[in-house]
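Chemist: This is what each chain is made of:
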Amino acid sequence: MNMNLNTPTETEQRMDVYASSGYPESDDHLDARDRMRTPLTGDTDEEPRPTEISVRGLRAGYGTKEVLKGVSMDIHANEVTAIIGPSGCGKSTFIRCINRMHELVPSAYAKGDVQFAGNNVYSSSVDPVLLRRKIGMVFQKPNPFPTMSIRQNVLAGLTLTGRLSGSEANTIVESSLKEAALWDEVKDKLDEPGMSLSGGQQQRLCIARTIAVKPDVILMDEPCSALDPVATARIEDLIAKLRADYTVVIVTHNMQQAARCSDRTAFFLMGELVEITNTDRIFTAPKDTRTEDYITGKFG
Amino acid sequence: MQEKRSTWRETLFRNACLVAVVIPLGLLALLIGDVVADGIGRLNGQFLSSYPSRFASRAGILPGLVGSIMLVVLTASLAIPIGVGAALYLEEYAGQETVGDSLAARAARVWDRYFATVIEINVANLAGVPSVIYGLLGLQIFVRVVGMGRSLLAGGATLALLVLPVVIIASREAIRTVPRHLREAAYGLGATRWQVSRRIVLPSAAPGILTGAILAISRAIGETAPIIVIGALTYVTFVPNNLSSEFTALPIQIFNWVSRPQEEFAVNAAAGIIVLLVTVFSLNLIAVLLRNRLERRLR
Ligand SMILES: Nc1ncnc2c1ncn2[C@@H]1O[C@H](COP(=O)(O)OP(=O)(O)OP(=O)(O)O)[C@@H](O)[C@H]1O
Ligand SMILES: [Mg+2]
Chain W
0 MNMNLNTPTE TEQRMDVYAS SGYPESDDHL DARDRMRTPL TGDTDEEPRP
50 TEISVRGLRA GYGTKEVLKG VSMDIHANEV TAIIGPSGCG KSTFIRCINR
100 MHELVPSAYA KGDVQFAGNN VYSSSVDPVL LRRKIGMVFQ KPNPFPTMSI
150 RQNVLAGLTL TGRLSGSEAN TIVESSLKEA ALWDEVKDKL DEPGMSLSGG
200 QQQRLCIART IAVKPDVILM DEPCSALDPV ATARIEDLIA KLRADYTVVI
250 VTHNMQQAAR CSDRTAFFLM GELVEITNTD RIFTAPKDTR TEDYITGKFG
Chain A
0 MQEKRSTWRE TLFRNACLVA VVIPLGLLAL LIGDVVADGI GRLNGQFLSS
50 YPSRFASRAG ILPGLVGSIM LVVLTASLAI PIGVGAALYL EEYAGQETVG
100 DSLAARAARV WDRYFATVIE INVANLAGVP SVIYGLLGLQ IFVRVVGMGR
150 SLLAGGATLA LLVLPVVIIA SREAIRTVPR HLREAAYGLG ATRWQVSRRI
200 VLPSAAPGIL TGAILAISRA IGETAPIIVI GALTYVTFVP NNLSSEFTAL
250 PIQIFNWVSR PQEEFAVNAA AGIIVLLVTV FSLNLIAVLL RNRLERRLR
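Top to bottom, those sequences are chains W and A. Read in order, the letters of the first sequence correspond to residues 0 to 299 in numbering that gives the first Met the number 0. Read in order, the letters of the second sequence correspond to residues 0 to 298 in numbering that gives the first Met the number 0.
Treat each hint with caution, since some may be false.
Short, incomplete list of chain W residues facing chain A, as computed with Cβ under 10 Å [stated by the list, open to error]:
no.	residue
1	R131
2	G135
3	Q139
4	P145
5	T146
6	L268
7	R280
8	F282
Everything labelled a hint here was simulated from the structure, so no lab data went into it. For each residue, glycine too, the CB sits at the ideal point set by N, CA and C.
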């Protein structure tokens with residue numbers, strides 16, 4: 000019995016949509032496919048892939064402090080994009096700008112062009128609440144809701160927003176937990192508190208909770224940094240599988256992790272994107288000497 | 000030598016603290032003991048179920064007791080929703096709007112923060128205003144302008160006004176203890192500000208909010224000045240049966256008996272005080288049990 004939420008056909012269809020008419024042609028400067036081929040910082044000869052999110056000139060910060068100083072990059076559909084860089088360079092700020100979580104911090108600001116599903120997410124027609132249902136987020140520290148059971152945690156996104164119809168609840172719980180590779184461990188104790196699980200299980204519960212909302216993109220901010228190596232390995236396996244149905248962006252401090260589970264890697268330094276390229280290439284033959292210095296451990 | 004002196008100081012400090020606890024508790028016990036000794040004999044079914052009378056032996060506390068209980072219910076049901084709403088606004092909404100860069104968005108942000116600051120300062124100041132002033136405010140606004148008359152509703156509204164600042168301050172403290180990462184998790188799932196406030200913040204903050212509200216409201220039960228000012232009666236021969244009914248309350252009834260010259264009325268007053276204390280304690284007890292149940296359910 001295949002309980003996947005997104006059957007292969009659905010995924011294909013989705014990719015098809017993005018490949019054909021993902022973005023409005025009339026919009027300002029570039030046509031979507033031109034954008035994809037536009038050489039950014041780095042490689043030019045990789046095969047063209049549909050772009051899920053296209054960031055141009057993103058500036059963001061807190062109060063008078065500018066953290067992101069004009070970042071431009073594309074995030075490809077059904078790929079894992081890793082973001083690496085020294086502490087404080089703006090990795091978290093960057094991914095939080097993508098689903099407009101950034102603005103929840105008082106004094107935060109962001110401006111620029113973040114194209115997703117045919118709109119600039121910062122245009123006034125985009126509702127950040129609806130955007131976050133399409134671009135989900137997994138946080139550094141596992142944060143299941145402490146008052147809720149495992150089942151309630153998985154369904155939280157739907158119950159919180161009043162979108163759960165009773166008949167589908169069990170199906171969603173099972174399929175989301177299966178996709179998050181947690182089902183076998185919890186299927187007999189769905190009504191126990193979410194907090195009763197181990198850290199790694201809690202993090203997979205949080206991933207299941209994100210999946211249950213049926214997003215297109217999952218952002219992960221150092222999802223393994225609070226976990227032990229075994230739990231980390233399980234999450235990495237999971238990320239590799241998630242790629243089939245979702246576009247994944249993962250911030251990590253761990254370069255082996257980026258190397259193991261991402262397709263492309265972006266290197267950030269002091270609020271700027273230094274380069275983004277195929278992961279195997281960035282670790283073997285980075286274009287920029289700063290990237291090389293960072294990867295070889297000269298700083299950071 | 001050094002060591003010895005510090006243990007000596009330790010002992011002194013400990014004993015000083017003990018004295019600081021024993022003296023007020025002792026005085027309180029003495030006071031209560033005295034009142035109980037005076038009044039316990041008078042406390043019977045007749046006393047609890049009778050109306051005031053010229054004759055001390057026929058007088059009873061019923062209208063005051065019913066009045067006070069109704070006042071508490073009214074005060075709580077006005078002050079808690081409004082106070083919690085104000086606290087939620089100040090903590091979750093104010094100054095959090097729009098990231099826009101346009102002039103309008105910036106102006107909205109500045110206005111929002113300015114407004115929140117003004118409210119904040121006022122709430123803190125209002126908590127220190129003497130209760131008799133609230134009575135005058137209630138007299139002017141509720142009794143005269145709104146035209147509620149000297150009714151139970153006017154009394155409840157006035158007491159609600161009195162406890163509102165404390166309820167707001169306590170609720171804000173409770174709301175602030177809700178961890179940020181829970182809010183973030185909910186926002187990340189596409190919940191609106193209202194959904195996050197209602198389903199994540201409020202349930203987690205509820206026990207703390209209740210504690211603050213209980214303390215504030217049980218103070219209000221004993222308040223005499225504001226309801227005297229708005230004109231609660233001192234001689235009521237009926238039980239208030241609707242919100243616009245005139246009323247009396249326990250502290251007023253007690254005050255009235257205390258001020259009579261006859262010895263027998265002083266006994267009535269002592270019995271009345273026992274009734275008031277028991278009422279306050281049992282309301283507190285109910286509220287604490289309620290809170291504990293809530294806390295257990297949330298854990
Ligand atoms: N709430 C905030 N208010 C003010 N400044 C902040 C806030 N959050 C982050 N910053 C600042 O923004 C800069 C970038 O922070 P960010 O969290 O994006 O970095 P990061 O690359 O994710 O770092 P790390 O690897 O340590 O998580 C830092 O200099 C930080 O001090
Ligand atoms: Mg970070």
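Chemist: Taking the hints in turn, state whether each one holds.
Modeler: Structure-based check of all given hints:
no., hint, in the structure
1, R131, "holds, 4 Å"
2, G135, "holds, 6 Å"
3, Q139, "holds, 9 Å"
4, P145, "holds, 8 Å"
5, T146, "holds, 5 Å"
6, L268, "violated, 25 Å"
7, R280, "violated, 32 Å"
8, F282, "violated, 30 Å"
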